[in-house]
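The chain contents come next:
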Amino acid sequence: MLHTVNKSPFERNSLESCLRLAKKGSAILLLEDGVYAAINGTSVSDKVSGATKDNSVYVLGPDMKARGLGESQLIDGIKIVDYAGFVDLAADNDGVTPWL
Amino acid sequence: MLHTVNKSPFERNSLESCLRLAKKGSAILLLEDGVYAAINGTSVSDKVSGATKDNSVYVLGPDMKARGLGESQLIDGIKIVDYAGFVDLAADNDGVTPWL
Amino acid sequence: MTEYNFETEGVKKTITYLNRKAPYGTIYALEVLESVLISAAFEQHANIVFVDDGVFQIKKDQDTADLDMKCFLPTYGIIEMEKEDADEDEDMDMNWRIIVEKESMEARGLTTDDFKIEVEVLSSAELADVLDTSDAVIGG
Amino acid sequence: MTEYNFETEGVKKTITYLNRKAPYGTIYALEVLESVLISAAFEQHANIVFVDDGVFQIKKDQDTADLDMKCFLPTYGIIEMEKEDADEDEDMDMNWRIIVEKESMEARGLTTDDFKIEVEVLSSAELADVLDTSDAVIGG
Amino acid sequence: MKFGILINEGPFTHQASDTAYKFVVAALEKGHEVPRVFFYYDGVYNANKLSAPQADDRNVVKRWSDLAADKGVDLVVCIAAGLRRGIVEDNLMDGFRISGLGQLTEAAIGTDRLMMFGD
Amino acid sequence: MKFGILINEGPFTHQASDTAYKFVVAALEKGHEVPRVFFYYDGVYNANKLSAPQADDRNVVKRWSDLAADKGVDLVVCIAAGLRRGIVEDNLMDGFRISGLGQLTEAAIGTDRLMMFGD
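Protein chains in written order, with this note's numbering: chain L, 1 to 100; chain X, 1 to 100; chain A, 1 to 140; chain E, 1 to 140; chain Y, 1 to 119; chain P, 1 to 119.
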C-alpha cells in the first residue's frame, strides 16, 4: 500500500494519522505541503526519522524545489522521486491511501 | 481584542497558535469546527481549561447544537453565545483577530 | 469529449470510504455520503471508516436548524439499513462494514453510546489491516 | 447593487496581515500579497506577519519551474522595497513592519539566513502585543 | 458601529459564508451598519448566479443577493480572484459588483471592525 | 495499468489539480492508461470555461481540456456537486461532461488504482 500525505505536519494531523494507520512495510510519499515533513532539524524530524525504520519514505522532488528545500536538508533514508517516480510507486504498490 | 477560532483543535494548529499569541485578558470565541475545543473529557480539554484562567472563552451555541454537543459537556468557565452575542463580542472588544 | 465505458460486470472490489473531517464546518461529510449511497447499486464490498474528526460525523443529537443547513444524520441511518440488507440477503455478495477507530474516538471523549448508528470499533492496528487490503480508498 | 463610499481621507490605521499558510500548497500566500501591495497606495501602517507555516513563504531558493506555477519570492522583494521607501521618506506617515515569530521559525528549523528578505524576529509575547494593537487583521 | 466583512471561501464547501451571513443579519438586527462585504479567494464563488442547490438546502448565493436588495449591503467581488476562477460579469448574481482589491483596504480603513470568515 | 483519478478541489486555491495533472501526464508518458478523471466537491470548478488566469500563470481549465482532446481522457464533472456550485452545461469547458456519482464508483471498480487529490 502507498500512503500519500499532502499536508504540512506542523499545521494538520494528516501525517500523524498516516503513521498511526499505515501498516509496517508500507510506502509513504510526502508531497505538496507534506514535503516539509522530510527535512532535518524541525520539531517533527525525529518522528519522521523513526518512520523510515518501518516504512519506505519518499518525497516529491518538484514540491521540495518549489519550496526552496534542498537534498542536503533531507532526513536520512528518505528518497526523492519525480512525477514519473510517483507513478511507479502507485503502480508498484497494490493500492493507494490518501491522507489529505 | 477578540480572537476567533473556527478549526478543530484535533485537526489543526489554529487553537494552539491563538493561545500562544493572544494577550492575557483577551476574549476567545470558538465557532464552526472550533467548538469541539469547548468540550470536556477530550485530549485537549486540559489546555483549554487552562486558557479560561487567563482569557474569557466563549463558544457559539448554534454550532454546538448542530454538532450534537450539549451545555452539560462544556468545560467550566466557557460561556455560550448566539450570533447576536458574537456581534456584541466583536463590538465590545477593540478589534478581531481571526485564527482560521 | 470521450466517454469511456468500463467493464465492471462481475468485478468485485473492496472500496474504503475514509472519513476524517468534522461535519458542517466543511461539506466533505455530506458529499462523501452521497457517493457511498450510490455505490450500493454496484454491489461492491465497502468499509465506511470514521477516523480523526470523522468520528464526530455520527455523533447523536445533531440539530442544524439554527444553521439552516441540512442534517446528515438520517442519511447515516440509510447506510446502516443498506448494510443490514446486505448482511441478511444471502444471495447478495456484498459485505459492508461501518468502522470507528478506537484511538480517534477516545481522544475526543466519545464512546459508542454517543453514536447514532451501530459501529464496529477497531484499534489502529486492526484498522491498518483493513486499509491495507482495500482496493480503492476514497477520502472525504 | 449599492455602491458604498467610505470616508478614508485622513484616517490612519494599522492593518496586520497574518500569514500562517505554506506557499504553493494553497494560494493564500499569493493572494494575500496582492492585497498587501494594493494597500500601500492608501498610506496606512501595516504589519506583515509570518507565523506558523507562513514563515515558509519567505524561504530562499524557491524554484517553481517544475510546477508551472508563478513564484512569489520576487513580490516579497517589492514589499521590502515599499517598506524601505516608507522608512526613508520623512514626509510619509506610513510605518511598515515585516515580522517573523521566533517560535514558529525555530520549530521549522529555520534561521533568518534562510529568508529572502530582511525581517524583524519577535517572540510570541512581543508579537501578541503587535496583534493586540492592530486595528484590522487580515489572515491569509 | 460599522462592520466590514471579508469572506474567503465559497458556498457549501466551507461554513465560512454561512457564518458570515448569520453574523451580518444579527449585526443589522442590532442596529449596526454593514456597509460592505468583500469576497476574496474562493469567496468569489458566492456570486455565481448559476448555483442551484437542492430544494431542501439553503440557497447561499440568493441569500446574499436578497440581503443586498433588502438592506443595501455593498457586495464586492475581487476582480483578480474572480478572473482566475471564472466569476465575471457573465455569471454574476444580481446585487454583486466586481471591483479591485482597494475596496477591501477601504473597508479595513473605513469600518470600526473588519470581520474575516474563511478557511 | 489503468489509473482512475479523483479531484476534490478547484483550480488555483489548492495544489490538488496541479499535482493530479502532472501525475496524469507522467502516467500517460509511461504508457499507462488514464481512462477517467472525476471532478467532485470543489473539484467541479476545474471545468469552469470562464476562468481566465493571468497571462504569466498556468491555465488549469484549458490544460485539462487539451488533455481530453489530445489523449482522449474522459473528464467527468459530478452533476450534484456541480449544480450546487453552479458548474452546469452553460459554463462547461470543452472536453468535460456532466454525469452522476456512479461514474466515480465505476472508475473505482474498473481501474487498477484510484488516485485521489484534494484538501
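Simulated from the structure, these hints should not be mistaken for laboratory data.
What you are looking at is a predicted structure, and each value in this text was computed from that prediction instead of being measured.
Errors might be hidden in some of the hints.
FRET-style restraints, in silico, Cβ to Cβ [as the list claims (entries may be wrong)]: (1) Y/K71 / P/A52: 29 to 35 Å; (2) X/N40 / Y/G100: 44 to 50 Å; (3) L/K79 / X/D92: 52 to 58 Å; (4) A/I38 / P/D90: 44 to 50 Å; (5) E/G109 / Y/R63: 30 to 36 Å; (6) E/V121 / P/E89: 51 to 57 Å; (7) A/D61 / P/E89: 19 to 25 Å; (8) X/G41 / A/C71: 22 to 28 Å; (9) Y/G100 / L/S49: 45 to 51 Å; (10) P/A55 / X/K79: 28 to 34 Å; (11) L/D54 / P/G102: 47 to 53 Å; (12) Y/D112 / E/T111: 36 to 42 Å.
By construction, the Cβ of each residue, glycine as well, lies at the ideal position given by its N, Cα and C atoms.
Results for each hint:
1. Y/K71 / P/A52: 29 to 35 Å: Cβ of Y/K71 to Cβ of P/A52: about 32 Å, so the range 29 to 35 Å holds.
2. X/N40 / Y/G100: 44 to 50 Å: holds (48 Å)
3. L/K79 / X/D92: 52 to 58 Å: Holds, at about 55 Å.
4. A/I38 / P/D90: 44 to 50 Å: Between A/I38 and P/D90, where Cβ atoms are some 25 Å apart, the hint is violated.
5. E/G109 / Y/R63: 30 to 36 Å: Cβ of E/G109 to Cβ of Y/R63: about 46 Å, so the range 30 to 36 Å is violated.
6. E/V121 / P/E89: 51 to 57 Å: This hint holds: roughly 54 Å between Cβ atoms.
7. A/D61 / P/E89: 19 to 25 Å: Hint violated: Cβ distance 41 Å, outside 19 to 25 Å.
8. X/G41 / A/C71: 22 to 28 Å: holds (24 Å)
9. Y/G100 / L/S49: 45 to 51 Å: The hinted range 45 to 51 Å holds for Y/G100 and L/S49, with Cβ atoms some 48 Å apart.
10. P/A55 / X/K79: 28 to 34 Å: Distance hint for P/A55, X/K79 is violated at roughly 52 Å.
11. L/D54 / P/G102: 47 to 53 Å: violated (38 Å)
12. Y/D112 / E/T111: 36 to 42 Å: holds (40 Å)
Checked against the numbered hints given earlier, this structure breaks hints 4, 5, 7, 10 and 11; the rest are met.
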